[in-house]
Structure formats: structure tokens, C-alpha cells
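Sequence order for the protein chains is S and W. Residues are numbered in our numbering as their position in the first sequence, beginning at 1, plus a constant of 80. Residues are numbered in our numbering as their position in the second sequence, beginning at 1, plus a constant of 175.
Bear in mind the hints are in silico, worked out from the structure with no lab data behind them. You can trust all of the hints, since none of them are fake.
PhoX-like cross-link-like pairs, simulated, lysine-lysine; straight-line CA separation at most 25 Å: (1) W:Lys270 <-> W:Lys243; (2) W:Lys323 <-> W:Lys270; (3) S:Lys110 <-> W:Lys323; (4) S:Lys110 <-> W:Lys270.
Cβ pair distances, simulated, as ranges: (5) S:Leu148 <-> W:Ala209: 48 to 54 Å; (6) W:Lys270 <-> S:Asp114: 23 to 29 Å; (7) S:Ala150 <-> W:Arg246: 41 to 47 Å; (8) S:Trp142 <-> W:Gly374: 50 to 56 Å; (9) W:Glu202 <-> S:Ser152: 57 to 63 Å; (10) S:Ser100 <-> W:Arg216: 31 to 37 Å; (11) W:Arg373 <-> S:Asp114: 23 to 29 Å; (12) S:Trp142 <-> W:Ser255: 45 to 51 Å; (13) W:Gln307 <-> S:Asn118: 16 to 22 Å.
Remember, predicted model here, so these are calculated numbers, not experimental data. From the three backbone atoms N, C-alpha and C, an ideal C-beta is built for every residue, glycine too.
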Amino acid sequence: MNWQQDRSGESPRMELEPDSELAQALRHFKASMDAWSNAASSRPRTAAKLAVRHSWRIAAVWALGCLLAAGSLAGAGYGIYHRQELARIAAQKAAEQRAAAGRAIAQPASVQPISAQSDKKAPAATVRKVSVGAQDNARSQDSARGQDDDLLATVDRDVSREVPAAMEPLAQLMDDNGTQ
Amino acid sequence: MRRREASTKVMAAGTAVEPMTVETAEEIAAQEFARIVESHRPQIFRFLLSSLRDVDLAETLTQECFLKAHRNWKHFRGDSSAMTWLMRIAINLQKDYWRNRRIQFWRQTRTNAVDLDEASEWLPNGERNAEQQMLAREQVAQVWQAVKGLSERQRTVFLLRYVEERELSEIAAATGLSEGTVKAHLSRALGRVRTELRGRQ
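Could you put together the complete structure from these sequences and hints?
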């Protein structure tokens with residue numbers, strides 16, 4: 081605040097002599113201020129009480145601050161744990177899907193040696209039936225899963241479809257051998 | 176204890192008097208300052224109390240005023256009276272307080288300032304009858320109401336003049352204003368008080 085700026089505003093009208101009523105009011109005002117000031121100067125001090133109240137306020141503010149900090153940390157920790165848990169579940173699901181897909185692929189392959197050893201005359205249709213069964217199995221398992229599962233199922237299906245075609249000449253050869 | 180000759184006063188005739196040590200000079204200065212604190216503390220406190228209407232804050236600022244004065248006591252050259260110098264420090268402290276309070280509005284700025292009715296309750300224990308006391312209380316309340324409406328500098332000048340009963344030159348020295356400006360502020364403040372007194376009648 082610049083108190084100098086009012087120097088230019090010096091007023092020529094100076095009514096500094098109060099009339100009797102104003103003078104009386106000013107005397108009362110001064111007497112009132114004297115009484116209040118004397119009473120306030122001689123009052124008992126409450127510094128200890130104020131200090132205690134102040135320390136309580138500080139303690140309350142600190143407690144609230146600690147509570148907020150602890151809440152924030154706990155929230156952040158829970159968030160990290162939640163993400164890790166989701167990742168673990170997703171990895172578990174993916175592993176299960178891979179295992180299921182592996183089983184689906186392995187089933188037609190396991191048919192081959194049985195048909196080759198015990199029943200050399202097993203027709204190609206039987207092999208096809210087995211592979212179709214595995215395919216249905218895989219479809220029924222994958223139908224409830226998401227888009228990735230569908231994609232994986234499509235790949236499995238394609239692979240399993242190729243198996244009979246690849247086995248076809250061998251089966252024919254075995255038939256030929258059998259007849260020969 | 177380190178004792179060295181601080182000064183040697185020479186009388187007019189040229190004879191040297193007893194040399195004064197630093198410790199002695201400091202003791203004298205401390206005693207002088209203590210005397211000033213004792214004699215001027217009530218006025219400084221009363222001025223701050225009337226300006227702020229807050230007993231705790233007035234006490235705090237009074238302490239700060241004398242602390243500041245103690246730190247700068249060796250720089251006090253005596254150009255003005257000690258009272259004027261102290262009053263100037265108190266006015267600056269009060270201005271700093273209001274400025275900080277305006278800037279730091281987000282801080283806890285709980286104030287213990289009493290309202291005008293409570294401030295008007297204080298009256299000296301004179302031999303007045305009930306009617307006179309009531310009249311006096313009413314007049315004090317009206318003056319408080321007018322003081323509340325004054326600007327900061329008008330209020331300061333008004334209180335220095337009519338509560339502390341300082342001379343215009345002292346008020347000018349304490350506030351850093353010219354005497355003409357002080358008169359102008361006083362005139363406006365008195366006009367406001369007068370209007371308030373007439374308006375309530």
C-alpha cells in the first residue's frame with residue numbers, strides 16, 4: 081500500500097475541531113479503549129491451554145495426513161496386486177487353452193499307431209471319424225471362449241482336417257499291402 | 176572476559192573521564208531499552224488492539240514490535256521520539272499482517288476479533304448513573320461503527336489522534352505521510368464519525 085499517493089490529495093477543508101457532542105463521543109471512545117486495553121493487559125494468560133489446543137490441532141492434521149497417505153499407498157498396492165492377479169489368471173487360461181489344443185492335436189496322432197499295429201485294415205473313414213470327434217471336442221471346448229480361442233480352434237481344425245488327407249496314401253498303401 | 180576500551184568521553188576542558196567498556200555500554204543500552212518497553216508497551220498494545228479488535232493478535236504483534244525494536248535498537252538514531260519510532264514499527268507490522276492475510280487466503284485465518292457490540296461494552300468505572308452509561312455505550316458503539324467503515328490509513332490516523340492523542344507531526348512521522356495528508360484523513364474520518372452520530376439520533 082502506497083501511503084504517499086494521498087499527499088497530492090491534501091484537502092483544504094480541515095474540520096479537525098470536533099463539536100461538543102463529537103468530542104464527548106470521542107472521549108467515551110478513548111475511555112472505552114483504555115478500559116479494554118487495561119483489562120486485556122491484566123487478564124490471566126492462557127498460553128498453556130492454547131499450546132495444548134494447538135498441539136491437538138497439529139496432531140489431528142498429521143493423523144489425517146497419515147490416513148490419506150496410507151489410503152493412497154494401499155490403493156496403489158491393491159491396484160498392482162489386482163493387475164498381477166489378472167495377468168496370472170490370463171496366463172493360466174492361455175496355458176489351459178494350449179494344453180487343450182495340444183490334446184486335440186495329439187488325439188488323431190495317437191490313433192495312427194493303433195490302427196497301424198493292431199488293425200492294419202482300418203479304413204480311412206475310421207481315422208476320419210476319430211479326427212472329426214476330436215474336432216467336435218475342440219469346438220465344444222472353445223465355443224465358450226473368446227476370439228483368440230476361436231482363432232486357435234480354427235487353426236486346430238485346419239490342422240486336424242489335413243491329417244486324413246496326409247494319412248490317405250498311407251492307408252491306401254496299407255490296404256494294398258494287406259491285399260498283397 | 177574480553178574487556179576493551181569502547182569509548183572515552185572527553186569533557187569540555189579536555190580532561191578524560193572514566194573509559195566506558197563495551198559491556199557497560201551494552202548494559203546501559205539494555206536498561207534504557209527495558210525502560211522504553213515498560214513505558215511504551217501499553218500505548219503500542221492499545222493502538223494495536225483498537226486497530227485489530229483482537230486481544231491475542233494485538234499481544235503477538237506488540238511482542239513482535241518490541242523484538243524488532245530490540246534488534247534495531249543500535250540503529251535508532253533518535254531523529255524522532257522512541258514512541259514515534261515504535262509506533263511506526265507497529266503500523267508496519269499491522270500492514271504486513273493484513274497483506275499476508277489477504278495473500279494467504281487459503282491458510283487457516285481464524286480470527287479472534289470481537290464484534291463491535293462486544294468492543295462497545297468496555298467502559299471505565301466512573302460515577303455515572305445508568306442513563307449516562309447507556310448513552311456513553313451507545314456513543315462508543317457509534318464511533319466503532321464509523322471506525323469500521325474507515326479505510327486502513329484513515330483508521331490508523333484517527334486512532335493515533337483520538338485514542339493515543341498524538342500530535343499531527345508525530346502521526347505524520349509514524350505513518351510516513353505529510354501533515355497535510357494526515358489532516359485530510361482526520362477530517363474525513365471525523366466527518367464519518369459525525370455522520371454516524373447524527374444518523375443514529
